[in-house]
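> Start from the sequences, fold in the hints, and give me the full structure.
Chains as they are written, first to last, in numbering that gives the first Met the number 0: chain B, 0 to 317; chain Z, 0 to 280.
Derived from the structure by calculation, the hints contain no laboratory data.
The reader is advised that the hints may include incorrect statements.
[Stated by the list, open to error] Selected chain B positions facing chain Z (in silico; Cβ < 8 Å): (1) 30; (2) 55; (3) 56; (4) 64; (5) 72; (6) 265; (7) 267; (8) 269; (9) 271.
[Stated by the list, open to error] Here are the simulated distance ranges between beta carbons: (10) Z:151 x B:196: 36 to 42 Å; (11) Z:198 x B:207: 15 to 21 Å; (12) Z:188 x B:88: 46 to 52 Å; (13) Z:198 x B:62: 26 to 32 Å; (14) B:88 x Z:31: 26 to 32 Å; (15) B:81 x Z:88: 40 to 46 Å.
Cβ coordinates follow ideal geometry from the N, Cα and C atoms, glycine included.
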Amino acid sequence: MNLAVEVGGIRFKNPLVAASGTFGYGVEYEGVLDLSRLGGVVSKGLYMEPRDGAPPPRIVETPSGLLNAIGLQGVGIRAFVRDVLPRLRRHDTALLVNVCGDSVEEYAEVARVCDGAPGIAGLEVNISCPNVKKGGMAFGGDPRMTHEVVAGVRAVTRLPVIPKLSPNVGDIAVFARAAEEAGADALSCVNTLLGLAIDVETRRPRLGFGTGGLSGPAIRPVAVRMAWQAARAVRIPVIGIGGIASASDALEFLIAGCRAVQIGTANFVDPGIYERILADLQTYLERHGMDDVNAVVGTLEYPGLPRPCDERGPGGLA
Amino acid sequence: MPANRIAPLLDRESLGGAFVLLTFRHPETAREARPGQFVMVKAGVSAEPPLRRPFSILSVDAARDAFTLFVKTVGPGSRSLAAMAPGDAALCLGPLGRPFTAPPAGEEALLVAGGYGVAPFRFLGEELRRTGGRARLFYGGRTAADLPLLDRLGGLGLEVVPATEDGGVGVRGLVTAPLEAYLDAVPGRARLYACGPEPMMHAVARIAAARSLDAEVSLDPWMGCGIGTCLACVVRVQGEDEARWKYRCACTEGPVFDAARVVWPGEDDSRARRAGGAGAR
Numbered sequence: 000m001n002l003a004v005e006v007g008g009i010r011f012k013n014p015l016v017a018a019s020g021t022f023g024y025g026v027e028y029e030g031v032l033d034l035s036r037l038g039g040v041v042s043k044g045l046y047m048e049p050r051d052g053a054p055p056p057r058i059v060e061t062p063s064g065l066l067n068a069i070g071l072q073g074v075g076i077r078a079f080v081r082d083v084l085p086r087l088r089r090h091d092t093a094l095l096v097n098v099c100g101d102s103v104e105e106y107a108e109v110a111r112v113c114d115g116a117p118g119i120a121g122l123e124v125n126i127s128c129p130n131v132k133k134g135g136m137a138f139g140g141d142p143r144m145t146h147e148v149v150a151g152v153r154a155v156t157r158l159p160v161i162p163k164l165s166p167n168v169g170d171i172a173v174f175a176r177a178a179e180e181a182g183a184d185a186l187s188c189v190n191t192l193l194g195l196a197i198d199v200e201t202r203r204p205r206l207g208f209g210t211g212g213l214s215g216p217a218i219r220p221v222a223v224r225m226a227w228q229a230a231r232a233v234r235i236p237v238i239g240i241g242g243i244a245s246a247s248d249a250l251e252f253l254i255a256g257c258r259a260v261q262i263g264t265a266n267f268v269d270p271g272i273y274e275r276i277l278a279d280l281q282t283y284l285e286r287h288g289m290d291d292v293n294a295v296v297g298t299l300e301y302p303g304l305p306r307p308c309d310e311r312g313p314g315g316l317a
Numbered sequence: 000m001p002a003n004r005i006a007p008l009l010d011r012e013s014l015g016g017a018f019v020l021l022t023f024r025h026p027e028t029a030r031e032a033r034p035g036q037f038v039m040v041k042a043g044v045s046a047e048p049p050l051r052r053p054f055s056i057l058s059v060d061a062a063r064d065a066f067t068l069f070v071k072t073v074g075p076g077s078r079s080l081a082a083m084a085p086g087d088a089a090l091c092l093g094p095l096g097r098p099f100t101a102p103p104a105g106e107e108a109l110l111v112a113g114g115y116g117v118a119p120f121r122f123l124g125e126e127l128r129r130t131g132g133r134a135r136l137f138y139g140g141r142t143a144a145d146l147p148l149l150d151r152l153g154g155l156g157l158e159v160v161p162a163t164e165d166g167g168v169g170v171r172g173l174v175t176a177p178l179e180a181y182l183d184a185v186p187g188r189a190r191l192y193a194c195g196p197e198p199m200m201h202a203v204a205r206i207a208a209a210r211s212l213d214a215e216v217s218l219d220p221w222m223g224c225g226i227g228t229c230l231a232c233v234v235r236v237q238g239e240d241e242a243r244w245k246y247r248c249a250c251t252e253g254p255v256f257d258a259a260r261v262v263w264p265g266e267d268d269s270r271a272r273r274a275g276g277a278g279a280r
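Spelled out as structure tokens, the structure:
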């Protein structure tokens, strides 16, 4: 049974990757989990400098979901490379850095630092965080800015570049194509949905920042739809993200055309979820007579549309 | 090292009202937990509700590989826990967080609990008795119904001083009143420990600072992961050599903090700085 997938030049030993912001820097789980069982880990978002993040409260539970405004608190890319990366590298899993910036120049600067650091498999470019005043979603909400940031990062690194797209847009295909044209190797789809929860007693937002990003099973159908639309719009591979908490959830994204998936909010419920999903994924593939997880990618039978893999040739390989 | 595993419920005991004692099998927590530490737990193994909840450890029983939680049902997470039956599975990560610091030899430990905040103090009381320390628990609530553990704290060698706002049991008034009266009446050093509503912990922090006593508080913000990855449970805390407070995770750098270093709501800077180091070590 082959579970390994290749996404934009990165080999993941299996298609399950820990999503940025839900797994810290990975090392927090040393001793609790066997990190080498994960296909990959995406770091917490990193700017050039350390960041305080948003005022608390920073999370609120909503029906089948989680609304957060952490505000990209982080140690900065240099401290990550110096203090965290040497430890994290000891684990046999693909390490991606989530690259943030307040400007195109800062994204490129962070990418440049990563490019010179051993042990980083790829860069996820965060153009979709809803919880910062500058940067973040401002870049992911305008296709020209998306192009500019991705091209800026592309120009300074040989590492695979994977923009993380926002769901808070009308037509994600436009953004997917803009990123592809700018030289992206793959896409992460999608970040959190912009939301607002109100405390009716105080009549104030329940989060310190005000609005927040919604994640968890509540957003899964939206995320599957947008990942599917993105996958149909480009020839580069897509990593599906949004409310995955079971093998069946992961399979929805794979069938929709994603070559790998990221697990986010479910890490909080059970960081050991990877073992269960891997076991159930293999059971599914066996039951469907498949010996390679790649065989299920893009096999959606959508009324009136050709199968995604038929559009792209055998196996759905781009 | 914390362990993430399924923890079967061994015993369930209702204390009446919203309160229940739940005993889970979780060997790592039973063996390694220290007073003041906590576990992240949820009923069942599904993805709903999306978050586990943090609970202070009430007591451990190493012989049974078990620990006990004191749970007050306030929302969906605690309600589903309280509805568990023996044999049901919970998802548990623990033991987690920074424990209480033991008082120096000869110093009395004064524990101040507001209602449900009594949870970590049974464990601390047991530890203090084991190590031969002197301890006194000021246990306050609005009414007697808020003190369901009152008759279960015997045998710990703890002097328990109850206080209720309606005078239903113990001293009438806020729990800080008998604490201050005791500090006025009894000379000698004491170390304060507080857990309860934020205004109560803030009041204990002020009392400690005014008397140059060390105090620790156990904070209880909303938590996502319990292990320092989500950065949701941050509180404003000022380090010893820092010019300014920083957001620190209550799950990994707390939940127990030096009260003098906490920047309480409405404050711009920590007591330690403004008071010129009172409470600093």
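> Looking only at beta-carbon atoms, does the pair residue 198 of chain Z, residue 207 of chain B fall within the given range of 15 to 21 Å?
19 Å, holds
> Under 8 Å is the threshold here; is the Cβ of residue 265 of chain B close enough to any Cβ of chain Z for the hint to stand?
Residue 265 of chain B check passes; min Cβ-Cβ to chain Z is 6 Å, inside 8 Å.
> How about residue 30 of chain B: closest beta carbon in chain Z under 8 Å, or not?
Since chain Z brings a Cβ to about 5 Å from residue 30 of chain B, closer than 8 Å, the hint holds.
> Does the CB of residue 55 of chain B sit less than 8 Å away from some CB of chain Z?
6 Å, holds
> With 8 Å as the cut and Cβ atoms as the points, is residue 269 of chain B at the interface with chain Z?
5 Å, holds
> Taking the beta carbons of residue 81 of chain B and residue 88 of chain Z, is their distance inside 40 to 46 Å?
Since residue 81 of chain B and residue 88 of chain Z have Cβ atoms about 42 Å apart, the given range 40 to 46 Å holds.
> Would you settle whether the hint for residue 267 of chain B is holds or violated, based on the nearest Cβ-Cβ distance to chain Z being less than 8 Å?
5 Å, holds
> Is it true that residue 88 of chain B and residue 31 of chain Z lie within 26 to 32 Å of each other by Cβ?
Given range 26 to 32 Å: holds, Cβ gap about 28 Å.
> Given the hint of 26 to 32 Å, check if residue 198 of chain Z and residue 62 of chain B actually sit that far apart at their C-beta atoms.
31 Å, holds
> Mind checking the hinted window 36 to 42 Å against the Cβ distance between residue 151 of chain Z and residue 196 of chain B?
Once the Cβ atoms are compared, 38 Å apart, the range 36 to 42 Å for residue 196 of chain B and residue 151 of chain Z holds.
> Can residue 56 of chain B be said to touch chain Z, with a Cβ gap under 8 Å?
6 Å, holds
> Checking hints one by one. Is residue 271 of chain B an interface residue toward chain Z, by the C-beta closer than 8 Å rule?
Check passed: Cβ of residue 271 of chain B comes within 5 Å of chain Z, closer than 8 Å.
Of the numbered hints listed earlier, not one is contradicted by the structure.
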